[in-house]
Amino acid sequence: MGQQLGDQGARGEQLSEGGTATPMAALADRPSGRRKPGSHGEERAAYLFLSPWLIGVFFFLLVPLGWAIWLGFTDEQLLRSGNFIGLDNYVRAFTQDESFYKALGVTLTWIVIAVPLFLISGLLVALLLNQKMRGMSFFRTILYVPAVLSGVAIAVLWFTLLNGELGAVNQVLRSIGIENPPDWFRDPDFALWGVAIMSIWGVGTNAIIYLAGLQNIPPDLYEAASMDGAGPWAKFRNITLPLLSPTMFFLLIGELTAALVIIGPIIVISGAGGAAGPADSLLFYMLLLYRVGFVEGQMGYAAALAWILTVIGLLLVWITFRLEKRFVFYQS
Amino acid sequence: MTQNAIPSSDYGRPRARRLVHMAFVYACLVALTLFILLPLGWMITAALKPDNVPVFTFPPEWFPTEYFNFGTFVEALTQPNEPYLRFAANSLLLASINIVGAVLSNSLIAYAFARLEFRGKNVLFAIVLATMLLPAPVLLIPQFLLFFNIGWYGTVDGFPAGYLPLTVPAFTGNPFFIFLLRQYMRTIPKELDEAARIDGAGFWTIYWRIVLPLSVPALVVIGVFTFLGVWNDFFGPLLYLDDQNWFTVPLALAREVTKVGTEWNIVMAATLIAMLPPLIVYGFSQNKLMGGIASVGIRG
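Chains as they are written, first to last, in the numbering used here: chain P, 101 to 432; chain E, 1229 to 1528.
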């Protein structure tokens, strides 16, 4: 449903915090050897217990998924059923639609800005929180606050703070001597940076996940390294980074997919009706999809655009998994 | 300073360097805390101003000193054209239905995967995991058309038909919650089931009287995540609701900033209203969330 689409707060990845094994590990831990089959009554009961899920998978997943494939080949409109038009939608996107390339450009630029920014800032904050000093649980509690707040509320707040003339951020910038601070969301060159500032307010989300990874590193590794005369940088480079690389990889996949489907806060900032900021500088891919499908009602074309986004997403994830083999270190 | 307040890697470091190190860490953390809290403080300050006082000042006011006009909140909650009390009630209604649906459906489904033996179990569980990876954008258009075509959209004869696509799917389970609960239920000793079977209990009784009560910590986690997800959801209500009477808080709030002639103190009060319930839930559940996942085993 809609709530899977990039709203903060309930992102599924948070569920795997706190020591639950990963889904893939769960598949592997099936009991070894032959299992005694359940009795006839047990089997019937099992399918009864499963029936809500079976019904849901059929009606809300399989049927829409099949329909989505068909829709991509039609000129379906919201209030008029469409005809089969072959690959026309896909040809149109790649050869005639300038806003398609604009949206790809905005989204890829955002990935280049957001993914490294959030991965590195989260790590730095986690390193601070991992110091064994007093008051850390207080700082941790405060830093995690934005993660539970509504994305719309956060967008409204930062839209106000980043107002060009009156906003508090620019007041501060002027008072420290920057005479012409950027007009953030009304300047095509700075709109994406406004979104970045707004998003980095939620740095605590990644920091908490990194922190769990940091606390899983055995302390005796550091002690042994100290005895060998290793300095702080050597310890970070040779112990922390390699042992944290699985966490980093997990966050990388999460940030990559989140960056591809960001939309809610963008609609708040750029206004209803599919507007996309000055010179379409906030035309994220999902905003284009929303505009084409729900504002203009071109459901067939929107379905085709969704498939293109999915293929791009799968490609990026596949490339990331290829890199995993080279850069991610798993403790045996 | 107690001995265990010093990181192990600091043994033997000169005292002066240790103090510099601590001062640096605390300075960074205080700066970060201010970065999180000052925007919230500015928002509260603005919300507490009466209508005739400018919200934007130079220099910015980061915490309330002069005005404490709680009437702004009353106004935001009860103003006739945009009553946030009504929107909050709508959001709470949706959240309650979703929580009931999520707790019921996911526990039923997870019980089958955790406790019962049946043909195709591994295949079906692999499908649960696979649906975690399904790309949401692809399902967006056909799911909307499906609901739209069967009339689950907007308002029909005063009934919010658009609430159906925002609630019914919760009753069919969620792969993340199924996985979480199944892992949790596997930690409940099977001897309890077997003892109950000997006493003549059926599968339903075992689910209802033994497994469900013992899964409460995990169910609380699911309830909290569901509440946060539904209360904060914007895109779903944006697609399916067309009558302002049935708007949720984020949907109503999103329209405020681009409106002409915005009253900023009211908008900031409304933003605070949107933030408060998640903050309260976070405050209460922070320990329970961690404890819920960690605590394993049975009472009595």
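Some hints here could point you the wrong way.
[To be verified] Here are some, though not all, of the chain P residues that point toward chain E, as calculated from beta-carbon distances under 7 Å:
#1 Pro152
#2 Ile155
#3 Pro164
#4 Ala168
#5 Leu228
#6 Gly329
#7 Gly364
#8 Ala406
#9 Leu415
[What the hints assert, rightly or not] Label pairs and their calculated CB-CB ranges:
#10 P:Asn280 with E:Asp1279: 30 to 36 Å
#11 E:Gly1348 with P:Phe159: 15 to 21 Å
#12 E:Gly1511 with P:Glu265: 32 to 38 Å
#13 P:Met236 with E:Asp1427: 47 to 53 Å
#14 P:Ser275 with E:Asn1377: 52 to 58 Å
#15 E:Gly1379 with P:Ala372: 46 to 52 Å
Hints were generated in silico from the structure; no laboratory data involved.
Idealized CB from N, CA, C, for every residue including glycine.
We went through each hint and held it up to the structure:
Hint on proline 152 of chain P holds. Least Cβ distance to chain E is approximately 4 Å, under the 7 Å limit. Because the beta carbon of isoleucine 155 of chain P sits about 6 Å from the nearest beta carbon in chain E, less than 7 Å, this interface hint is met. Residue-level restraint check for proline 164 of chain P holds (minimum Cβ-Cβ distance to chain E is 4 Å; threshold 7 Å). With its C-beta approaching chain E no nearer than about 5 Å, alanine 168 of chain P sits inside the 7 Å limit, and its interface hint holds.
About 5 Å separates the beta-carbon of leucine 228 of chain P from the nearest beta-carbon of chain E, less than 7 Å, and the hint is met. At its closest, the beta carbon of glycine 329 of chain P sits 12 Å from a beta carbon of chain E; the interface hint therefore is violated under the 7 Å criterion. Taking 7 Å as the C-beta contact cut-off toward chain E, the hint placing glycine 364 of chain P at the interface holds, the least distance being around 5 Å. For the restraint placing alanine 406 of chain P at the interface with chain E, the shortest Cβ-Cβ distance is roughly 5 Å, inside the 7 Å limit, so the hint holds.
With a cut of 7 Å, the hint placing leucine 415 of chain P at the interface with chain E is violated, because the nearest CB-to-CB distance is about 12 Å. Take asparagine 280 of chain P and aspartate 1279 of chain E: their Cβ atoms lie about 32 Å apart, and the range 30 to 36 Å holds. For glycine 1348 of chain E and phenylalanine 159 of chain P, the Cβ-Cβ distance of about 20 Å falls inside the hinted range of 15 to 21 Å, so the restraint holds. Range check, glycine 1511 of chain E to glutamate 265 of chain P: Cβ separation about 36 Å, and the 32 to 38 Å hint holds.
Against the hinted window of 47 to 53 Å, the Cβ-Cβ separation of methionine 236 of chain P and aspartate 1427 of chain E comes to about 49 Å, which satisfies the hint. Separation of serine 275 of chain P from asparagine 1377 of chain E is about 57 Å and conforms to the stated range, judged on CB atoms against 52 to 58 Å. With their beta carbons about 24 Å apart, glycine 1379 of chain E and alanine 372 of chain P fall outside the hinted range of 46 to 52 Å.
Taken one by one, the earlier hints fail for this structure at numbers 6, 9 and 15, listed in ascending order.
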